[in-house]
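Colleague: Each chain, written out:
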Amino acid sequence: MEFVDEIIETGGPILGSEHMETLRVCMQCGKCTGGCPSGRLTAIRTRKMILSALLNMRDEVLSSDELWLCTTCYTCYERCPRNVKVTDITRTIRNIAGREGYLAKSHRMAASYVIKTGHGVPINDAVKESRKKLGLSEIPPTTHAYKDALKGIQTLAKKTKFDELIDFDWETMNLKE
Amino acid sequence: MDKKTGVYICHCGLGGSTETEEILKKLPKGSIVKDSQYLCDITEQELLIKDINEKDLEQVVVACFASDVHRSIFKKVGDEVGFLPNLIKIEESDDVVEKIIAALDDLKPIKPEETEVDVNPSVLVIGAGIVGEQASLDIGDAGYKVYLVERRPNIGGHMAQLDKTFPTLDCASCIGTPKMVATGQHPNIELLTCSEVIEVSGHAGEFKVKVLRHPRYVDENECTGCGICVDNCPAVVASEFNLGVGPRKAIYIPFAQAIPLAAIRDPEHCLSCRMCEYVCDKKAIRFDQEEEIIEFEVGSILVTTGFELFNCDLRPELGYDKYDRVINALELERLCAPTGPTAGEILIHGKPPKNIVFVQCVGSRDKNVGNEYCSRVCCMYATKQCNLVREKVPDAKFTICYTDIRAFGKGHEEFYNRMQDEGVIYLRGIVSEVYRGENGMMKVRVENTLMVEPVELEADLVVLSAGLVAPADTPQLANMLNLDVGDDKFLAEAHVNIRPMETRVKGIYMAGCAQGPKDISDSVAQTSGAAAKATIPISFGKVKIGPEDEVKVVKETTATAAPIEKEVTG
Amino acid sequence: MKIGVYVCHCGINIAANVDVKAVAEYAKTLPNVVVAKDYVFMCSDPGQDLIKEDVEELGLDRVVVASCSPRMHEPTFRKAVQTKGMNAFLFEQANIREHCSWVHEDRESGTEKAKALVSAAVAKAALLKPLEVMEADVEPSALVVGGGIAGIHAAIDSANAGYKTYLLERDPSLGGHVAEMCKIFPNMDRAACLLIPKMTEVATHPKDTWTLRNARHVENVQKSARSKPMMEKQQ
Amino acid sequence: MPYPFAVPRTYTINPELCLRFQEGEGDCSKCKDACPEGAVDFEQTEEEQELKIGAIVVATGYDEFDASLKPELRYDLYDNVITGVEFEKKLLEAEKTGKIEINGKEPKDVIFIQCVGSRDKNVGNEYCSRVCCMYTAKQATMVKDLIPDSNVTVCYIDVRAYGRGYEQFYENAQKKGVRYWRGNPAEVYKDDGKLVVRAENTLLGDPKEISADLVVLATGMTSKSDARELGNLLKVPQSGDRFFLEAHPKLGPVNTASDGVYIAGTCQGPKDIADTLAQASGAVMKALIPLCQGKVFIEPITSVVDEEICSGCHMCEKICVYDAPTFDEEKGVMTINSIVCKGCGSCGATCPSGAISMNHFRDQQLFAQINMLSS
Amino acid sequence: MKYAYFLGCITPNRYPGIEASTRKVFDAFGIECVEVPGASCCPAPGVFGSFDLKTWLAIGGRNIAIAEEQNCDIMLTCNGCYGTLQEANHLLQENPHLVEMINEILAEEGHQYKGEIQVKHCVEILHNEVGLDTIKEHITKPLDGIKVAVHYGCHFLKPSEVRGQGSSERPRMVDELVNVTGAESVDYKDKIVCCGAGGGVRTRELEKSLLFTLDKVNNANAVGADCLLDICAFCHLQMDVGQTELTGKFGKELDNIPVLFYTQLLGLAMGFTPDELGINMHQIPMSDKILKI
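Chains as they are written, first to last, in the working numbering: chain A, 1 to 177; chain B, 1 to 570; chain C, 1 to 235; chain D, 1 to 375; chain E, 1 to 293.
There could be a bad hint or two in this list.
Taking lysine-lysine pairs in the DSS-like style, the calculated list, with each CA pair at most 27 Å apart, reads [what the hints assert, rightly or not]:
| no. | chain 1 | residue 1 | chain 2 | residue 2 |
| --- | --- | --- | --- | --- |
| 1 | E | K208 | A | K158 |
| 2 | C | K79 | D | K342 |
| 3 | E | K208 | D | K190 |
| 4 | B | K108 | B | K544 |
Just so you know, these hints were derived from the structure itself, not from any lab.
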């Protein structure tokens with residue numbers, strides 16, 4: 001399968017096929033890269049990434065570090081004269097990269113916190129203190145406070161195979177390795 | 001220099017003034033030198049007339065920016081005072097004073113010597129492609145006689161060879177055939193095929209035309225186009241209409257919908273077995289037919305001689321002459337067309353092509369081959385051809401190698417967008433060379449300029465998007481009609497912006513690709529415009545002509561082509 | 001009543017998804033149909049000749065052509081039957097291209113639908129009544145809406161041809177966008193040099209063939225343009 | 001007077017500015033008193049005229065794209081971000097004074113941005129405006145001529161130099177030192193008083209910031225804002241790009257859906273002057289056909305009234321967009337002006353008594369057709 | 001008026017001041033904030049959306065479903081949460097097949113997504129529902145003389161076709177909300193540009209993500225702003241913690257600039273003390289100018 005088709009098929013079910021199909025009509029004008037805040041500071045080149053995807057350069061796109069330098073700020077998405085849904089295409093390409101094992105350890109770690117605690121950024125003791133000082137409940141009424149709800153998140157992760165995606169070890173409740 | 005002279009310098013609304021003293025010194029007493037804002041404007045012309053009458057000026061010099069545009073507008077002055085101003089073209093960089101003084105030396109008084117003549121209510125149209133047909137139909141519909149002269153045995157031109165047209169994907173036959181039929185049947189249109197204009201003299205309103213009619217060796221009126229003669233002819237040669245992709249006989253009908261629908265014998269390849277004569281029920285074969293010269297008079301002339309395809313051999317690095325997997329776009333068009341030699345089946349070495357690379361700008365935007373201009377249609381026809389091939393080979397992959405995508409017409413950008421959506425890859429970079437790889441497939445060397453990387457593409461079919469060039473005999477035609485030819489070798493218009501259909505000869509107009517490449521829509525709109533220009537004097541009934549409007553007969557034969565169609569498409 | 005049915009292949013446009021021969025055979029079974037034929041391009045000269053010959057020889061009084069949209073070729077076939085003395089409005093066209101072959105992917109259903117369309121057209125044809133084309137006189141004048149370079153140019157052409165021409169412009173002066181330009185590509189003529197002569201030509205046109213209306217508002221344009229009847233019926 | 005070369009050569013009063021027409025100041029008559037010809041007439045009012053016309057040519061032209069619809073280019077915020085049309089006026093002035101001045105200073109760094117409002121689905125204009133590449137090349141060349149040491153950059157996506165002599169013109173601009181930068185600028189902002197244009201150079205693959213004293217936006221053409229009204233009036237439909245729709249791109253590029261109404265120039269779609277004039281003459285040709293013939297032929301496929309049944313209720317008159325039905329006082333029934341009738345069938349469908357039917361599409365004919373299809 | 005206050009992660013677990021100030025301000029306007037019991041990470045649109053869109057949508061759908069059980073619309077104080085929940089809600093409302101898919105996953109836990117509520121950002125509620133006039137009436141200590149560099153963040157505005165907050169190039173909402181407090185919203189370079197944290201960049205490439213913040217801080221300082229003002233807990237963290245990381249971990253030089261969440265600024269103007277609003281719990285200490293009000 002062409003990489004373009006793979007991207008459309010991956011993102012299509014959630015984001016809509018028409019939405020994803022816009023990938024094909026890029027005319028390489030460079031408006032995206034020109035306005036990309038990340039591009040000014042880092043090596044990400046949005047237009048080149050789209051072109052590489054169109055040219056079926058699957059491995060190059062998936063393995064590149066630049067793919068992960070998009071902050072999903074949607075500037076390119078908003079300005080594209082051909083309405084190419086760049087940011088959503090980027091997210092989708094990352095989904096594929098994830099399945100191919102290109103997730104960074106730091107990302108997998110953040111994801112594991114959600115399975116473990118329900119939060120990407122869990123609470124700590126200092127904040128508990130602050131909360132008390134401000135007159136808030138010491139533990140927020142989230143999965144931190146509702147253990148059943150946390151179970152729900154964990155079942156959900158198993159159902160969508162999110163645990164496998166990030167290599168989560170249910171024994172150690174941590175990443176494998 | 002003894003005449004009282006008025007010198008007027010037009011500043012074209014820019015303001016400013018000239019050192020008039022210098023010029024005045026050179027002029028006799030009573031002369032004047034004046035600056036002016038917009039001399040072409042009606043009030044200033046009235047002032048000019050007033051000056052001439054009050055100061056008894058004997059001649060007038062007008063210095064302005066666009067003298068070529070302005071000649072005709074001082075007529076009112078001429079009518080009032082009996083002579084016309086001498087126009088001197090100045091440019092911004094010129095020293096105006098110097099230029100005027102230099103010009104003063106060889107001034108001749110210009111008398112308006114216009115006479116009004118009646119206009120012959122008929123028009124000669126040279127060339128019967130879609131453009132010539134449309135013009136003839138328009139003029140014919142307005143009720144005037146049209147002589148439509150076509151060199152080939154049939155009308156329809158290049159459009160008859162196309163499968164579909166961009167951007168609407170109308171099938172070319174569906175548009176072309178009715179036009180051809182209507183042209184063939186129109187009571188006001190006299191169709192002269194296998195014919196060439198060989199001499200033109202006279203002037204707007206009354207041109208005398210000589211047409212050389214080559215023998216067809218078949219009586220057009222008797223022949224029904226049944227094709228029995230073709231079936232029985234033993235001599236087989238390559239078909240010009242199908243660009244050599246298919247065969248034809250020595251007696252043949254170029255294509256099924258040809259107008260007039262009559263066979264033609266090709267004496268060069270005919271074996272003179274007379275089989276055709278024997279089998280023809282209508283006894284329409286005429287071995288004894290000879291050239292004839294037809295003479296008539298017309299009021300206006302319209303040149304719609306179209307274009308030829310660029311000869312891709314002139315770009316040897318692309319391998320057109322070397323590899324049969326490299327073809328030009330018109331050949332692909334014949335392969336796609338249901339009326340083509342393969343009935344629309346696209347087979348390259350017996351297999352449908354899966355990897356097709358289009359090479360844009362072959363013979364266009366290329367000073368190297370002397371064609372600096374853009375051919376206007378190749379970006380869109382390549383885009384269209386991707387669609388045509390995809391219909392028949394659904395899993396084929398397409399790459400179009402381009403410099404700039406020029407999708408400028410109505411609906412073009414949308415079409416480009418749509419084909420991208422359907423998976424056509426546009427690769428920015430002009431193909432450098434094409435060679436054969438070890439597996440027999442073509443290799444295309446090109447830089448992907450957006451990746452700044454040279455790449456090699458593999459293709460089982462390479463299509464060269466050949467540009468449009470002026471017909472080879474344009475210089476002779478121009479010579480015969482006293483017309484100018486542009487740097488691009490197409491016929492030159494009187495003014496690129498405001499007189500795009502007129503030529504420098506009054507009464508002779510042009511349209512379509514004869515004046516430069518354009519797509520069908522633009523051509524058809526323009527040809528109606530040219531038809532209007534040709535019809536206006538006829539409708540009005542009278543036209544004013546001056547001595548310079550006479551077409552001088554060029555004494556040399558300009559007949560260039562044999563009766564059969566000689567397509568130099570390379 | 002004698003109806004002739006003619007089925008067009010339109011190259012492969014129709015023939016690819018419709019079995020045209022089968023459609024023609026089927027047509028022969030329909031009431032009043034005395035002849036049914038198929039041909040590669042009915043609109044071509046030989047195609048039209050097929051029809052004309054049959055009208056003459058078989059004395060057809062209704063003709064049905066199954067081909068493309070009537071928008072395309074109804075006039076062609078009407079003209080064809082007319083040359084043989086038949087009333088043009090006794091011709092009926094069944095659209096088996098846009099309405100059928102182009103929207104069907106399998107030949108079987110395409111053929112079925114083509115048959116149905118042909119049968120319907122034949123049924124309608126049997127009930128057609130002859131009609132006569134009307135003629136109307138044309139007012140020998142033209143209205144050009146818009147006084148930019150295109151409008152000026154069109155008005156001059158029309159007036160030069162000898163017809164009374166009304167040139168309508170909303171702004172106080174002719175000229176449009178070009179009047180605001182400096183130079184014109186590609187040969188760098190001054191916009192004024194191109195425009196003023198044309199405007200002068202309008203202003204000084206020799207015959208009384210132009211009239212300028214400074215219609216400031218669209219309503220005015222509407223009122224003027226609305227002047228009806230545009231054409232009067234000739235009795 | 002709008003221009004020194006205006007036609008007609010008359011002055012006009014702008015009632016929005018004239019003191020006389022403004023409330024409470026109604027007695028100024030300086031212009032009237034000064035005019036030796038006594039031509040000033042404050043009493044002039046709108047008038048309606050009825051004209052008899054044989055053919056109509058619509059040549060209403062285009063509107064310039066409103067650059068403020070691209071907020072990232074900050075046309076509405078900075079006075080040294082201007083449109084091509086505005087710059088054209090600057091150039092006209094510069095021809096007289098020999099200087100281009102922006103805020104009293106000669107610009108040294110000038111950037112042209114192409115495709116503003118064209119080739120841009122984001123603002124609903126997918127089409128190319130056909131002229132911007134070349135008018136920008138022209139303006140860029142003129143800047144180089146007037147300010148030889150200036151840096152002139154043209155940011156483009158594709159250079160569409162398609163017409164006769166255009167390619168040479170483009171080359172000439174390059175020869176003069178105009179830089180062509182492939183990349184569609186993403187935004188313009190101001191830093192330290194200077195404009196900064198953010199654009200990727202797609203051929204180098206790098207996003208860059210280029211500073212400028214002047215940014216010229218090559219705004220494209222859009223259809224006239226009131227095209228719909230005129231279109232409704234003349235029954236000329238618009239295409240997806242909102243320009244007037246031709247009858248057929250190849251068979252009838254100047255014809256419209258309305259007989260006798262032809263279109264010319266940029267009201268049909270963006271085009272340059274040469275193409276505009278070719279089309280204008282083309283429209284005249286189509287108009288000349290009926291004018292020269294003196295006659296038109298009208299299809300008899302129109303509606304007919306059965307006078308026996310018609311009750312003269314006027315329903316058809318109300319529904320008809322062509323004003324074909326009128327009331328016959330004498331007979332007390334409706335009649336159809338078959339010259340004007342287009343045969344659309346609305347009246348037949350509306351008629352409560354079933355008195356109206358359509359020639360060639362009579363009920364029994366259609367039912368016969370339907371019966372066959374459904375059997 | 002009643003809203004289900006969706007907390008997300010950073011608001012309750014890092015910046016309780018944002019939570020406290022929001023609750024106080026809303027309370028003052030008579031708006032009730034109810035809990036979303038058992039809510040989890042939203043999960044972050046750029047990070048989890050990048051890992052697996054299906055999981056992202058399922059967790060998002062779950063959070064909305066829990067809020068639906070409280071019978072009121074969602075209010076939140078983080079652009080990331082807004083990005084996820086608003087987009088997930090939009091996708092689900094548009095596509096019945098997605099609802100089916102999500103509900104099948106949620107069934108086990110006993111939740112069901114119905115698609116009956118809306119997701120609103122706290123500033124949206126303040127601006128559109130409370131209204132500038134009412135806010136003005138509640139201002140007791142106008143913040144005259146305070147120059148505020150407003151940072152909108154990305155996911156509040158974009159994609160504008162989904163968010164429906166108007167122009168993403170020239171937003172006005174927060175500036176108006178700032179000006180109504182008596183402070184002055186000042187224009188600065190790259191005002192609408194991202195803080196750098198989103199899309200997983202902060203997690204994966206901390207130093208690179210902080211380059212955005214560095215620019216932000218410098219640009220705000222260049223126009224003499226007294227503080228950066230955000231409407232997003234994650235932007236808040238990036239800009240607040242980020243400044244200490246920039247100077248500490250990466251040795252960059254910069255002039256620290258205090259960071260405020262909008263409800264904290266509004267709270268000051270409404271007469272709450274800095275301590276009540278948790279302003280003193282930030283990494284970058286408040287300037288005296290702000291504290292003196």
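Colleague: For every hint, state whether the structure bears it out.
Modeller: Evaluated hints:
no.: 1; hint: E:K208 - A:K158; verdict: 33 Å, violated
no.: 2; hint: C:K79 - D:K342; verdict: 21 Å, holds
no.: 3; hint: E:K208 - D:K190; verdict: 25 Å, holds
no.: 4; hint: B:K108 - B:K544; verdict: 22 Å, holds
Violation of the numbered hints given earlier is confined to hint 1; every other hint is satisfied by the structure.
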